[in-house]
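Enquirer: One-letter residues, chain by chain:
Protein chains: 6
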Amino acid sequence: MSEQWLPTLITETPQAGFELAVTLSRRGVKTTQPDVEVLKKLRSVYANDADSLTAASQVIAINFQTIAAANNYWRG
Amino acid sequence: MSEQWLPTLITETPQAGFELAVTLSRRGVKTTQPDVEVLKKLRSVYANDADSLTAASQVIAINFQTIAAANNYWRG
Amino acid sequence: MSEQWLPTLITETPQAGFELAVTLSRRGVKTTQPDVEVLKKLRSVYANDADSLTAASQVIAINFQTIAAANNYWRG
Amino acid sequence: MSEQWLPTLITETPQAGFELAVTLSRRGVKTTQPDVEVLKKLRSVYANDADSLTAASQVIAINFQTIAAANNYWRG
Amino acid sequence: MSEQWLPTLITETPQAGFELAVTLSRRGVKTTQPDVEVLKKLRSVYANDADSLTAASQVIAINFQTIAAANNYWRG
Amino acid sequence: MSEQWLPTLITETPQAGFELAVTLSRRGVKTTQPDVEVLKKLRSVYANDADSLTAASQVIAINFQTIAAANNYWRG
Chain A
1 MSEQWLPTLI TETPQAGFEL AVTLSRRGVK TTQPDVEVLK KLRSVYANDA
51 DSLTAASQVI AINFQTIAAA NNYWRG
Chain B
1 MSEQWLPTLI TETPQAGFEL AVTLSRRGVK TTQPDVEVLK KLRSVYANDA
51 DSLTAASQVI AINFQTIAAA NNYWRG
Chain C
1 MSEQWLPTLI TETPQAGFEL AVTLSRRGVK TTQPDVEVLK KLRSVYANDA
51 DSLTAASQVI AINFQTIAAA NNYWRG
Chain D
1 MSEQWLPTLI TETPQAGFEL AVTLSRRGVK TTQPDVEVLK KLRSVYANDA
51 DSLTAASQVI AINFQTIAAA NNYWRG
Chain E
1 MSEQWLPTLI TETPQAGFEL AVTLSRRGVK TTQPDVEVLK KLRSVYANDA
51 DSLTAASQVI AINFQTIAAA NNYWRG
Chain F
1 MSEQWLPTLI TETPQAGFEL AVTLSRRGVK TTQPDVEVLK KLRSVYANDA
51 DSLTAASQVI AINFQTIAAA NNYWRG
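Chains A, B, C, D, E and F, in that order, are what the protein sequence lines are.
Taking our numbering, the leading residue of the first sequence gets 1, the next gets one more, and so forth.
Taking our numbering, the leading residue of the second sequence gets 1, the next gets one more, and so forth.
Taking our numbering, the leading residue of the third sequence gets 1, the next gets one more, and so forth.
Taking our numbering, the leading residue of the fourth sequence gets 1, the next gets one more, and so forth.
Taking our numbering, the leading residue of the fifth sequence gets 1, the next gets one more, and so forth.
Taking our numbering, the leading residue of the sixth sequence gets 1, the next gets one more, and so forth.
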């Protein structure tokens, strides 16, 4: 059975929801490039490039939009 | 009759929904470039480029947003 | 009267919806560049470039999001 | 009084909605660069570049998403 | 007290909504680069680049999507 | 316990909502590159590049779309 990494979109808090959005964004990268060694090598590239960091933040923003809607914006 | 690859947007779990989003994203590429040999050759390019991987993750994020809404965020 | 190419957003199946999203995406290109000869010449460029293919898949994903919502996600 | 170019988002048909999305996209460019002569000169650049055409189609897709929602997807 | 520039998302007309979307997009730039002299110098760059103009139109499209939803698409 | 930086998505005003969207966008960058010294060095790059500024504004626009929906567009 494949690794269970996404049991639910529901989180206690907005901050936990943001962290899940980060997980989804990184999983999207890992799904495309499963080789962790390659990803480590690439980190020094994008982590020191302004546009790459903005692009990464954008993917998190799109995933956060999904998670926030899933949690009805934590309006309790 | 063309291949039936997208019978439904409904999935059992968020994780299965994420996998369907990956399928939709790859199908979007394949629709534009059906030649699998070309796609294999290109894989070594984008799979080793940080920005390309982020861009791929973004397409998955947009498709996942659609699948999550289709499944009412698996709120049961 | 201009060509009637978009009578409705409603489709029988998700797969037909995906194909309509591809149509919308290509129409967006054709609206900007109506010259089919130019488009044919450009095809060899984007169809052999990983990032171009990802970008094309992203436009399809945005249009599919619209079509899926229009069809209430084919939830029947 | 400034030119009235956007009285409503409501259109008769999806195709008219798509054309309004094209208008909104072009207006977004014109708002940033009002000089029509500059825009004409730039046309030969983007209209012959695959990625530029895809990017233009993406802006149309985002605006079409807005117009389609405004018209309740022309579900009548 | 900081300058009050965004009292409401509600506008009388779609066109006023589009203008507010332009304001939000420019504010997003100004928030990141407050130095107006720098922004003026950069204007000659992006205002004469096709892809930059398309990218600017895209930000307006995303903000317009938000404003249009806020105003229930001015459906009266 | 990790720093509590996102207790809620609810804000008093649209302007406060826009500021929260800026916070989310910057947090997305900081999550990917926690080293503040690196971020300071990169600032001189993106803050003086038109396309980088537009890309940053786009991330803010996506996050603002989420915050605005969370606050029911401050329609009171």
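FYI, nobody ran anything at the bench for these hints, they're computed from the structure.
You may find that some hints are simply not true.
You can't tell identical chains apart in this list, so a pair holds if it fits in one copy or across any two.
Claimed, not checked - Calculated lysine to any residue pairs in the SDA-like style (CA-CA distance at most 20 Å, straight line): (1) K41 with T31; (2) K30 with S52; (3) K30 with R43; (4) K41 with E19; (5) K41 with I10; (6) K40 with S52; (7) K30 with Q15; (8) K40 with D51.
Enquirer: A separate judgement is required for each hint: does it hold in the structure or not?
Expert: Comparing the hints with the structure gives:
In this homomeric assembly, K41 and T31 come within 20 Å of each other (Cα to Cα) both inside a single copy, at 17 Å, and across copies, at 18 Å. In this assembly of identical chains, the alpha carbons of K30 and S52 lie at most 20 Å apart whether taken from the same copy (16 Å) or from different copies (12 Å). Taking identical chains as interchangeable, the C-alpha atoms of K30 and R43 lie at most 20 Å apart whether they share a chain (13 Å) or sit on different chains (14 Å). For the identical chains of this complex, K41 and E19 are neighbours neither inside a copy (23 Å) nor across copies (26 Å), given an alpha-carbon limit of 20 Å.
In this homomeric assembly, K41 and I10 never come within 20 Å of each other (Cα to Cα): the closest approach is 33 Å inside a single copy and 37 Å across copies. Proximity of K40 to S52 under the C-alpha cut-off of 20 Å is found in both arrangements, the shortest distances being 15 Å within a copy and 15 Å between copies. Taking the closest pair of Cα atoms, K30 and Q15 come within 20 Å of each other only across two copies (14 Å); inside a single copy the shortest separation is 23 Å, beyond that limit. In the homo-oligomer, the alpha carbons of K40 and D51 lie at most 20 Å apart both inside one protomer (19 Å) and across protomers (14 Å), since each shortest distance falls under that limit.
The earlier numbered hints that this structure contradicts are 4 and 5.
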